[in-house]
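So you can see what is in the structure, the chains are spelled out below.
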Amino acid sequence: MEVVKIVMLGMTGVLLGLFLKGTRPEYSVYLSLAAGILIFFYMADKLSYLFSSVIKIQEYLPLDVKYLTTLLKIIGVTYIGQFSSGICKDAGYGSIGAQIEIFAKLYIMVLSMPVLLALMEAIHGFLS
Amino acid sequence: MEVSLLFKIGAVGILVSVLCQILKHSQREELAFLTSLAGLILVLFWILPYIYDLFRTIQELFAL
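Protein chains in written order, with this note's numbering: chain A, 1 to 128; chain B, 129 to 192.
Just chain B, with the same shape it has in the complex (with noise of 0.2 Å):
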């Protein structure tokens, strides 16, 4: 799970990059908004426990 969060990321921001586009070419912006909104969330579902964990890793290391 080390290095493959970073490629994942990567991949769902080329993949929602690229959807958009297709979405706008063939005129529906408001989908190519919710799609990027879609990819945004999933992104952040990803990290989210990362950053829980490093918070609270870093209380019990500095004894904050």
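The following block holds chain A by itself, in its conformation from the complex (with noise of 0.2 Å):
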């Protein structure tokens, strides 16, 4: 099953990373990042059907494609930044971990505010 290979990938790289921890550290960063990346190329094809089924459900209903777009814009920042801040803690430098999270936070906020002020907008059409 596809589950098995992915676990199997972040074993490996989690033993290879732990036995250069010792003497490499430097390298442990890289197999970090390699099967990060490994992984995500399973995940991207799969990433690809599920946006390609919503954005099918998205014609039914009759909602702005814009909103769509935002809404993947934001799990792509998510899972960006999640990924480099994860990468950044693991090698030992939690506060440019901590910076990415914020700014990515930062940028989904200002993603999300043109919603915010339609949605503003609406309700204030309904109540004058």
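Keep in mind the hints are simulated off the structure, nothing from the lab. Heads up, some of the hints might be wrong.
[What the hints assert, rightly or not] To be clear about the criterion: a stretch of chain A counts as covered by chain B if any three or more of its residues have a C-beta under 8 Å from a C-beta of chain B, and this derived list gives those stretches:
| hint | stretch |
| --- | --- |
| 1 | 6-16 |
| 2 | 31-38 |
| 3 | 42-56 |
| 4 | 64-76 |
| 5 | 108-116 |
[As the list claims (entries may be wrong)] Here are the simulated EDC-like cross-link-like pairs (lysine to aspartate or glutamate), alpha carbons at most 16 Å apart as the crow flies:
| hint | chain 1 | residue 1 | chain 2 | residue 2 |
| --- | --- | --- | --- | --- |
| 6 | A | Lys5 | B | Glu130 |
| 7 | B | Lys136 | A | Glu26 |
| 8 | A | Lys73 | B | Glu188 |
| 9 | A | Lys46 | B | Glu188 |
| 10 | A | Lys89 | A | Glu26 |
Glycine included, every Cβ here is placed at the ideal spot set by N, Cα and C.
Starting from two chains that each stand alone, build the complex the way the hints lay out.
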């Protein structure tokens, strides 16, 4: 099954990384980066299938495509922010990882602001 | 190329650490430093296309 392959990949990355953490710590960072990227490539085709089906569903609903792309952007920013801050924390640089996470949250707020404004205008329209 | 990348990185790591030990014991610290640098750059060249692919796929997948 696909999940077993992913688990095996992750386990080999962890074991090799642990083995190299004592003598050569920089290689454990490379190993976690490589394992993360390989796992992402397994996710990529599944994600594209999911997003195409979500877009198909969206055609039935009277929803604006703009909000859907904002949602996709937010998911992407979350994923890459989480991935990179996790690697920074693994390498021992927690502060840089925290900075990346803070910027990712900030960027998500910026992305979601137009949606919030549209909601406010809709409510304002109903009330007045 | 899936799991073999991990094994290659591990192999380079082990090789470089062994080489550095040998060179350190034979009083050639600068050579030890150079071999570890070479190992690092080699692994970087292996991983760089993967990192580029990662960011390109993320951009086109999430419409960033």
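We went through each hint and held it up to the structure:
1. Coverage of a stretch by a chain is defined here by at least three residues with a beta carbon nearer than 8 Å to that chain's beta carbons; for the stretch 6-16 of chain A and chain B the count is 5, and the condition holds.
2. A count of 6 residues in the stretch 31-38 of chain A with a Cβ less than 8 Å from any Cβ of chain B is obtained; the coverage claim is therefore met, three being the minimum.
3. Using a Cβ-Cβ cut-off of 8 Å, 4 residues of the stretch 42-56 of chain A lie near chain B, which meets the minimum of three, so the contact claim holds.
4. A stretch counts as covered by a chain when three or more of its residues have a beta carbon under 8 Å from one of that chain; for the stretch 64-76 of chain A and chain B the count is 5, and the coverage holds.
5. Given a C-beta distance limit of less than 8 Å, the hint that chain B covers the stretch 108-116 of chain A is violated, as 0 residues qualify and 3 are needed.
6. For the suggested pair Lys5(A) and Glu130(B), the alpha carbons sit about 10 Å apart, so the restraint of at most 16 Å is met.
7. As the CA atoms of Lys136(B) and Glu26(A) are separated by approximately 15 Å, the hinted pair is consistent with the 16 Å bound.
8. Among the hinted pairs, Lys73(A) with Glu188(B) is consistent with the structure: their alpha-carbon atoms are about 10 Å apart, no more than 16 Å.
9. Taking the CA atoms of Lys46(A) and Glu188(B), the gap is about 14 Å. The hint holds against a cut of 16 Å.
10. Proximity of Lys89(A) to Glu26(A) is assessed by CA-CA distance (about 13 Å); at most 16 Å being required, the pair is judged to hold.
In the structure shown, a violation is registered for the earlier hint numbered 5 alone.
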